[in-house]
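**Student:** Single-letter residue listing:
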Amino acid sequence: MAHKQLRFLGVVAAAMILTMACGGSSGGPPAKTFKIGLVTDIGGLNDKSFNHLADVGLEKAKTDFKVQGDVKESKSGDDYVPNLTDFATKKYDLVIGVGFLMQEAVGTVSGQFPDIHFAIIDGAGTDAKGVDLKHPNVQSLYFKEQDAGAMVGVMAGWMEKNGKAKKNKHVIGAVGGISIPPVNHYIAGYKWAAKMEDPSVNVLVGYSNNFTDPAKCKGVAKSQVDANADILFQVAGGCGLGVLQQAGQSGVYSIGVDADQKDADPSVIASALKKVDVATYTAIKNVVNNQFQAGALTFSIANEGAGYSVDNFTVPPELQAELDKVLGQIKSGALTPPADIPA
Amino acid sequence: MPFGSVVFAFAVGALIVGATGANPFSAYAGLLCGGLGIGCTQGENPALEISNTIVFAIPLITTGVAVALPFRAGLFNIGAEGQLLVGSMACTAIGIKFNTLPSPILLPMVLLGGMAAGAVWAGIPGVLKATVGAHEVVTTIMLNYIAQWLLRFLIIGGPLQLGPGTSKSLPIGEGAHLATVLPVDNALIIFGLPASVYRVHTGLLIALAAAALFAFLLWRTSFGYEIRAVGQSQKAARYAGVSVRRTIILTMLIAGAFSGLAGAVQIAGVDHNLTDKYFTDTTGFDAIAVALLGLGSAVGIVLAAVLFGALHAGGAIMQSDAGISSNLVLVLQALILFSIAANFVGAIRRGLPLGRAPAALPPELPPAAGLMSEATAPPPEPT
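Chains L and P are the protein sequences, given in the same order. With the first sequence counted from 1, adding 76 to any position gets you my numbering. With the second sequence counted from 1, adding 15 to any position gets you my numbering.
By construction, these hints were calculated from the structure, which means they are not laboratory data. Here the structure is a predicted model, which is why all the values come from computation and not from measurement. Don't take each hint at face value.
Unchecked claim - Mimicking SDA-like on lysine to any residue, the simulated pairs with C-alpha atoms at most 25 Å apart in a straight line are:
| no. | chain 1 | residue 1 | chain 2 | residue 2 |
| --- | --- | --- | --- | --- |
| 1 | L | K205 | P | I171 |
| 2 | L | K242 | L | V391 |
| 3 | L | K124 | P | L143 |
Whenever a hint applies, use it, and build me the whole structure from the sequences.
**Tutor:** Now the structure itself:
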């Protein structure tokens, strides 16, 4: 009997605490649960890159705000429109499309549902010709890739200048997928910062014309290694994994891109980061705070939306000091990495 | 359709869902809602779900026919995907080149162009099979790769590319568009949604006509008889005076035309341009499953295509509603095929001493049955 009474008391106490907690925190009407829909591109949630990071941002928002987050993985390009449409018909507060592959789909569906807010990573809502439709319910989440490129460029340039690389012939390389703006932004920041650290450095830039086939990037990487490059920056997505592998086989260093790629190959000393998780989280936060804005929202070092990670490498204190200095200068606006590849 | 195999697959699928700690009933409720618009509880629009399923089923019907017809002749057409791709490429190229022509001229042009391209793509393995005995499985698979890389070339740096840095083509002319069943109008509200969200297009009629034509050709024409004769036994067909070579080549040409038509209809009816999504398109491979599941009959193929379309459309709803990975749908598709291939249901039925009469067989052997013996036969001798 005594036990039962005690347990009853305990339940009552717990209930009272709960009631008090609720009463204390919310003064007005019960807060609305925001419904957020995330549509991945064909990479799926386990792509270790954009889609995965977007989901990380959504999960963080779920813990911080009153948010119901649902995910649809697109199995093929045919799924983009139905997946976006489904969230829109269910009146979600924000529908997020991950990646520029979804531009046209976002353009179509956002036109059909002018009352629903959309956000798209690395793209805009476009028509069939790729022209931004500028729908007032679409937010584009862009990145200053040159900021992230500059940080790994500082690292590469500093190592060449101070003889910490493998060959120290003052030659480094960058392998791009296709010569398109996001790729060239990365390379621009990389080359600019490397030259700033080591004016005598020669930066080789090559393109594989491919984003998926590692063999193609391996070939470009091999030719750069043969030309004495000993730090290779990959800017070619899945194709670029070949760059990291080639660097490992040739005994030189490599730098990953977009997400932290330290697990891709032991040769990876750093990664230039596009913080898609920060972008996703910010877009959700804006909707929750009723601050949704159409048009472009750009993420950079200044708003913690771009950066770098140090991977299978121990950074000397002098290099760390240099990295921190440049990061601070870019953040404050004292330094501005260029968007176009410098000569 | 081998319903037993489907039931078996869903039963095993339920066990798999259960084993992962999720609720199989909510998974299948999500599939049912997303696929057929039945029993939706979370604000889905049933009309939209049905529309999506039909859009997915349309190319599966036409390519399913393109796989089933050669099956009947004892040929394994693994190349429906490549034939679909060249069909879509031809349709797009014509639709861009002549984009100012009016619809009554341009639409037949793009559809016939797609059929011709597909026919050529399937005709190559057909001729090789009939003349030098090159195995059509190998040649059609290789031609798939060639089609895929040709597509890459065309829209990345090639003549159809929209602009630098893009991986899609220019849009085809308005005149090449297949009409949608409902008007493309964001302002017109039908079933509570803008009419433009319902993407069902008149390609449905083309696909159904293709299935009907397939049945007619196979069962009501002498050529269809020749196809079946060759499929049963090339030697016997030859004794009966059928030209095995001619039958093989013509069968592949017709099958390719069906696949090419599927690609052209997809461009003209849904996409209106070639995009990088075709790099990873699997319609032509799913078509093999559709043809097997449909037991090579027109009605069966249509039903199987609708089933696969519903699985495709339902997977995403299942994921967002029940929180179960849409990959389960791929598991279900594989299980269905697996149980057809292994013929579990038949084996169980035969193994049970119930004294029941065996299930009615289809008019002829299931297409896959005769394959292994005939497909490995030496090349036909000159007739």
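**Student:** Output the indices of the hints that this structure fails to meet, ascending.
**Tutor:** 3
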